[in-house]
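S.K.: Residue numbers (numbering that gives the first Met the number 0), protein chains in the order written: chain Y, 0 to 329; chain V, 0 to 537; chain G, 0 to 314.
Careful: at least some of the hints might be erroneous.
A few chain G residues facing chain Y, derived, Cβ under 8 Å [to be verified]:
#, residue
1, I146
2, F150
3, P151
4, V153
5, L157
6, W237
7, L246
8, T262
9, L277
10, V280
11, L285
12, A289
13, M292
14, F293
Derived by calculation from the structure, the hints in this document are not laboratory data. Just so it is clear, CB atoms sit at the ideal spot from N, CA and C, and this is done for glycine as well.
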Amino acid sequence: MARHLFAHAARALLTLLAVLVLTFALTRIAYRNPAAVLAPRNATQETLDGITRALRLDEPWYLQLWHYLYRGPDVQGAPMGLFHWPPALGYSFRRQQPVTELILSKIPVTLSLALGALVIWMTLSILLGVAAARRPGSWTDRVISTFCSAGLAAPTFVTGILLSYFLYFTLSTYGVRWFPSGGYVGLTEDPVEWARHLALPWLTITIAEIGVFQRVVRANMLDVLGSDYIRTARAKGVSERRIHFDHALRAALNPIITLGGLELAALMGGAIVTEQIFGLDGVGRLAVESALSGDFPVVIGTTILAATFFVISGFVVDVITYLRDPAASR
Amino acid sequence: MALFSVEDLSVTFRRRGRVTAAVRGVSFAVEPGRTLAIVGESGSGKSVSLLAATGLLPETAEVRGSARFREADLLRLPRARLRAVRGRHIGFVFQDPLSNLHPLKTIGAQIGEAITAHERVGRAALRRRVIDLLAEVGIDDPERRIDDHPHRFSGGMRQRAMIAMAIALRPELIIADEPTTALDVTVQAAILRLLRRLQERYGTALILVSHDLAVVSEIADDVAVMRGGEIVETAPIAEITTAPGHPYTRELLGAARRGAALADVAEPPAAAPREARPLLAATGLHMAYRRRGRKDPVTALTGVSLEVREGEIVGLVGESGSGKSTLGRIVAGLLRPTAGTVALRDEVYNAPGRGPLRLRRDLRTAIQVVFQDPYGSLNPRRTVAATLAEPYVVNTGLTAAEIRERVEALVRRVELPPAVLHRFPAQLSGGQRQRVAIARAVALRPALVVADEPLSALDITTQAQIVALIRRLRAELGTSFLFISHDLGVVAELCERVVVLRRGRVVEAGPVRRVFHDPQHPYTRELLDSIPGRVARV
Amino acid sequence: MSSPPVLEPAGPAGPCDAEDGRRFPALRAILAERSTRFGLVLVGLVVLSALLAPVAAALTGHGPDQQFRAEALTTEGLPVGPNAEFLLGADGNGRDVLVRTLYGARISLLVGIPATTLALVAGTAVGLVAGFFPGAADRVLSFGTDIALSFPFVVTALSLVALNRGADGRPVIDPVLLVILVISLFAWTYFARLTRGLVVVLRNRPFVEAALTIGVSRRRLLVREILPNVLPVVAVYWAVQLPANILAEATLSFLGVGVQAPTASWGNMIAEAQRTSLYQVQPWFLLAPAIAMFVTVLGFNAIGSGIRNVLDPQR
């Protein structure tokens, strides 16, 4: 039983390793002159040579990979190689910062965004999904489902822009300043401002995610409600409310947890568009800027971060599923 | 005064514009302390009528008529009142205890809920009551098992737990919908005895639904026979069994008697001159395999040997877990044993080894299979004609026209109308599908057909027809059959010899008459005694 | 690219599952669904727009990439709103918003449909092999699928597209083609997982075993028995994936890669509107492509919903 979790963990680590190697290979293949790409603009030949030496770009590729994966020489005083704690993901010459430090500084923003949105959309989806499943085909059901699937149809950047337009711009022309246009305030600095600044981004993400989740909750609930054991509960005389929230929801939750884990991981990899529109300086924004400018140490770093979240979330979901129902995972 | 009476009940289902009348104008009643049995085959509407009467059908069902429980018409009660009746005054036991118990809640929690839905009870007192209930229904070590989840219980124990839930508040009426159908024969008898005992102790009325008149004859006082959504006959049990009025009742009775009266096993037809060597010989078969996530391998078969002669029908009987299906698959060449061999006409074709078995064409076509699930064994996206043509296409070099001819002949042989050829499996009845599966199996004139529970998914009348078909095919084509079944009555009727399996070992084998009349092994005796109705008051 | 919901394998919804023998009852039922009809209308509108875009350009005299700075921009350089000349107004460069929106439909369909189809073909092939040949093949292919799924879509796509720069700075491969390839590179995994799951279930169905006892070869089994049962489900999933891929293309062009200005794509139109904040002056600059996008995705989603209602009814 715990064996299969162990196997999952092993597979997860292997996957991460493969992602690492692939990303690394991709960037090394593509750039003919990596130093030129990495260096700040208008760098002199001397700087370029310095970079080449520092990053060991003149060494054969397998050695470079080894430095990256295990331990490499220090770059500008910063450690290099994954066998450090925290794992050193390289050095960005564009920004003159170690990649790990760079990413870690952006994580709180993305974390606040992703986790906050997760809580909101999960709660709403479950409530709306259960409500829709209680009376399938009814007016309530149709209205809820239409509203939620409409949210699904708009891409996040459109929703974000529209929300920004209506809830910030239009409101501010009337002198109402509930929601700011963007920016981030740390939780520890000022919780109220933190929430206020994140309100619109959370709403943007929620609108997009509710579309899928509400439908899944509703479908799973209906599926479970047709089960024999629900009929048994009714035969015992259990109240409808208890049947929906205790019996049915409990059984219907597994696929929702799985999906939630996947979505959270995807968001942690960077709720890119949302961060862009609302000026949130998170991992996503960092990743996009680096990808567009070719700052590949950062790109590798953020890709690995995203892949790690994906793999971890898969594992955690597996553990949760196992804990909830040992029989199912046999 | 009737405790529970249903009058002129009708149930209609509406699905995407299709209207199906499942129950039409049905009436029955049960007196306090008495047992009413509702008997009919699947699709007769027996379960539906009871579910409808107690408000347990989904909202898409339209229910008309009246269902009175002690003066109150359940169909007209407001929801809250109806909920108060269910569980407290009417207890339910359903067919498949695995799907009828919540997989994620402990047994103790589920039984406790039956109580707390209607009464307020403190935690400690509740636990005490649940433990007492578990003990009452015969579950050992109730203090420990109360915290187990359903999947840790065996089938019989789960059903006992369901019964505990049903009697928790000492209801006046228990509705048991096919309570023993999903269980092994030996366990069935125990559950019926438990129900009877509880009934006598608490004076509960019981409505028992079943497809098997024999099961019911053990404990019923009155019987209502249903067919096609209508009640065909209602009478006390003695009358039904001695002087059935309706022809359908007589048919059901005949099928039930088959099990009870094995003494009348017919003499096998004049046997063909016995060949010296058997057609099929399985020797010392051993099958063990690993289950996912488990350390110890599971042993399905140990030292099993059996023989089938030319033109013989051999029955292979056993309960679930006996290994009979595994044995069938090994004989069919779908599975390799871990030890032992199987030989056809002295040529070994299956032995331990790696990788799937690859048989020579003549061997492969000499042994064919008919599976249990007639729908699952036909490709839903191919017409009958295409499915039946497949054996010829794959194994012979015949032209399309010749194949078409053969297929038409095949269809006639299994007594199906030629129109069937252009239909898809979903458009055929269960019996028709099974005929198609049999046709496919005999297409290339195999020497042996392994039939793995070919009748279980069919209703009684169809079963009789398929049995007759198998007999006829044996006579016409000389095909031998290895007939795997748990139904001793059918085996007695159809087979010449029988092999009894228990937990992977052969406990007894021999001519059917001898084994069923004069069983040597205690297990065979137990199996025979468990046949419902055998020790009946018939 | 968020993961799509899992579509359960359809029950026995064969070509002829009605008891009365009418052909394709499943198809009829699907077409009778309100969602499907609604969706078909919307999608029809979009396809029509794509087809008639050149007609609109000809009628108004405004090409999609042509700038009309004199007529379309005010003296401050701000774009005009809807008037007789420019039915939906102009964008920041004086181009006709209506015409560009109609041409944007072409891009969305021209990228979305091939990308999804390519993903379907590749993913189904992988899934079939992985599901049918258990053991090494399955493990390797599943591992590969896992790896592909682990890569974050947007960042990797951006990197790949950003890499598409030759020595002279011009793109090596046509950007539109590249976007199609990149999207397929991620989307195939969903088809692979779906197909593999289906095949694993089907492999254990009695009719497959029955075919084996008749002596059907593995290849014939795969093609004749399994594939016909897999294709309908996969085809439905195509309809479900397509809007997701259209959104993916829009996201990429919003972020500045893929289809570049001056070619009109809904994504880059919205990006321009947001970047210049000109939508505050001329809202149609933003609203036209946004609504078009919404209608397209909603339409396909509705069709997918209608199909799902028939094949997997919960009502």
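S.K.: Which of the listed hints are not met by the structure?
M.R.: As far as the earlier hints go, 6, 8, 9, 10 are violated by this structure, in ascending order.
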